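**Q** Residue-level listing of the chains:
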Amino acid sequence: MANQLLVGTRKGVFVLGRHGRGWRIERAELLGDPVTMVLAERDGTLHAAQDMGHFGVKMKRSRDGGATWEERPVPQYPPKPEDVVDLDPMRNSPIPWNVMKVWSLEASQRDGELWCGTIPGALFRSRDGGDSWQFVESLWMHPDRKFWVGGGADYPGIHSILVDPRSPDIVRIGVSCGGLWQTTDGGETWDCKGQGMRADYAPPDQAYERRGQDAHRIAQCAAAPDHVWIQHHNGIFRSTDGGSTCTEITTAKPSVFGFAVVVHPRDPKTAWFVPGRKDQWRYPVDGALVVSRTRDGGETFDVLREGLPQAHAYDVVYRHGLDIDAEGATLAFGSTTGNLFVSDDEGESWQNVSNYLPPIYCVRFVN
Amino acid sequence: MATLHFTQNLARHTECPSAALAAETVGELLERYFERWPAVRGYVLDDQGEVRHHVKVLVDGRNIKDRRKLTDRINVDSEIYVFQALSGG
Numbered sequence: 001m002a003n004q005l006l007v008g009t010r011k012g013v014f015v016l017g018r019h020g021r022g023w024r025i026e027r028a029e030l031l032g033d034p035v036t037m038v039l040a041e042r043d044g045t046l047h048a049a050q051d052m053g054h055f056g057v058k059m060k061r062s063r064d065g066g067a068t069w070e071e072r073p074v075p076q077y078p079p080k081p082e083d084v085v086d087l088d089p090m091r092n093s094p095i096p097w098n099v100m101k102v103w104s105l106e107a108s109q110r111d112g113e114l115w116c117g118t119i120p121g122a123l124f125r126s127r128d129g130g131d132s133w134q135f136v137e138s139l140w141m142h143p144d145r146k147f148w149v150g151g152g153a154d155y156p157g158i159h160s161i162l163v164d165p166r167s168p169d170i171v172r173i174g175v176s177c178g179g180l181w182q183t184t185d186g187g188e189t190w191d192c193k194g195q196g197m198r199a200d201y202a203p204p205d206q207a208y209e210r211r212g213q214d215a216h217r218i219a220q221c222a223a224a225p226d227h228v229w230i231q232h233h234n235g236i237f238r239s240t241d242g243g244s245t246c247t248e249i250t251t252a253k254p255s256v257f258g259f260a261v262v263v264h265p266r267d268p269k270t271a272w273f274v275p276g277r278k279d280q281w282r283y284p285v286d287g288a289l290v291v292s293r294t295r296d297g298g299e300t301f302d303v304l305r306e307g308l309p310q311a312h313a314y315d316v317v318y319r320h321g322l323d324i325d326a327e328g329a330t331l332a333f334g335s336t337t338g339n340l341f342v343s344d345d346e347g348e349s350w351q352n353v354s355n356y357l358p359p360i361y362c363v364r365f366v367n
Numbered sequence: 368m369a370t371l372h373f374t375q376n377l378a379r380h381t382e383c384p385s386a387a388l389a390a391e392t393v394g395e396l397l398e399r400y401f402e403r404w405p406a407v408r409g410y411v412l413d414d415q416g417e418v419r420h421h422v423k424v425l426v427d428g429r430n431i432k433d434r435r436k437l438t439d440r441i442n443v444d445s446e447i448y449v450f451q452a453l454s455g456g
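The listed protein sequences correspond, in order, to chains Y and A. Residues 1 to 367 (the working numbering) make up the first sequence, in order. Residues 368 to 456 (the working numbering) make up the second sequence, in order.
Isolated chain Y, as found in the complex (with noise of 0.2 Å):
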């Protein structure tokens, strides 16, 4: 069961510890700049990564559960070529050879090797705990990548980083709006996933165009990770082939629509969901915030609501927002309008932790 938890806001990252049978916040760390991912490797050591606005992306590092922090490198793009034409597809604007946000960081089962994924839609890898970044070119190179356009941002980017615990050279990745791509050799070459993903707001002879799915949030089943759920702008997907085929899950309760999912460590049947109301809109359904859950791969779906306010509540919950320990029976979730709920009954009740943080953008459990 999981001690302690790591929240990102718009102001700052908290540290989060078990108190009891309650949750207290234990500090408030890099306060006033946004942290848009946090990241606990097993050794416990702590990175985040921020959003400077008028000074970028920096990335931050404690090795003492977060009483300090030190700067580390941020991962680069290297030089364009003058002669080189990057399109955005959408505007035909260029796409900036620049890290404007980091969305996704993980570890590998590997000592000291990290991937991290940005807005625009690169990936890189660090090998040394995040002391150097190296540019993952094959997938940058791909000539496919210029099918993908930005979801919710100008640009597309890389949200979700599956490393198979089986083989840490198995990688996939989630982009908005760029589908999901697997990697068996570490990196160096790619393919586009995701058949039968769809979009029902594209063009009808585009909706299956898998290089250009706005694939919100992809999770993997740690026990069995050929089992991927994959919380969709269009809805809910599932593959139990690694991702190479999907297929779509029209029963969940009460809307397909969120950002974010995770999935139980060891039984791929059951995963989680924030759902809400689809498309503009974007709260909760009613204003009730709910979880939905399903136990027996997406036939049926559970509505929780224990400890969760049922009348005008307006949260939206990130696609990192949502987040399950390694044991699979405590759950955190954080909200735009700074709620932080934890459960540790896999969601049928809820904690109210906090009311007050700024807006949160990632939660995670620190293993």
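No wet-lab data here; the hints were simulated from the structure. Every value quoted in this text rests on a predicted model; they were computed, and no experiment measured them. All the given hints hold, so there is nothing to weed out.
Interface residues of chain Y toward chain A, partial, derived using beta-carbon atoms under 7 Å:
1. V74
2. Y77
3. N98
Ideal placement from N, C-alpha and C gives every residue a C-beta, glycine not left out.
Assemble chain A onto chain Y, guided by the hints.
**A** Chain A only, in chain Y's frame:
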């Protein structure tokens, strides 16, 4: 020598004292400064070595013209300021 100053808002994030340095262009001046204070580079310039979108550089009270290659010339007694390019309220 020309003197380089930074907004105090940057000092909140990284050490960036004013410094007098010999240089003929803004680019040279910044490079010399970054040799001594390398951490400041990423706050002022982006991945392509251009002035960050929301940063502005003034030479003797005037915005520089070349934000990409930093070729604006400076005098031996120039005062160069690096500020936030404010937008919004």
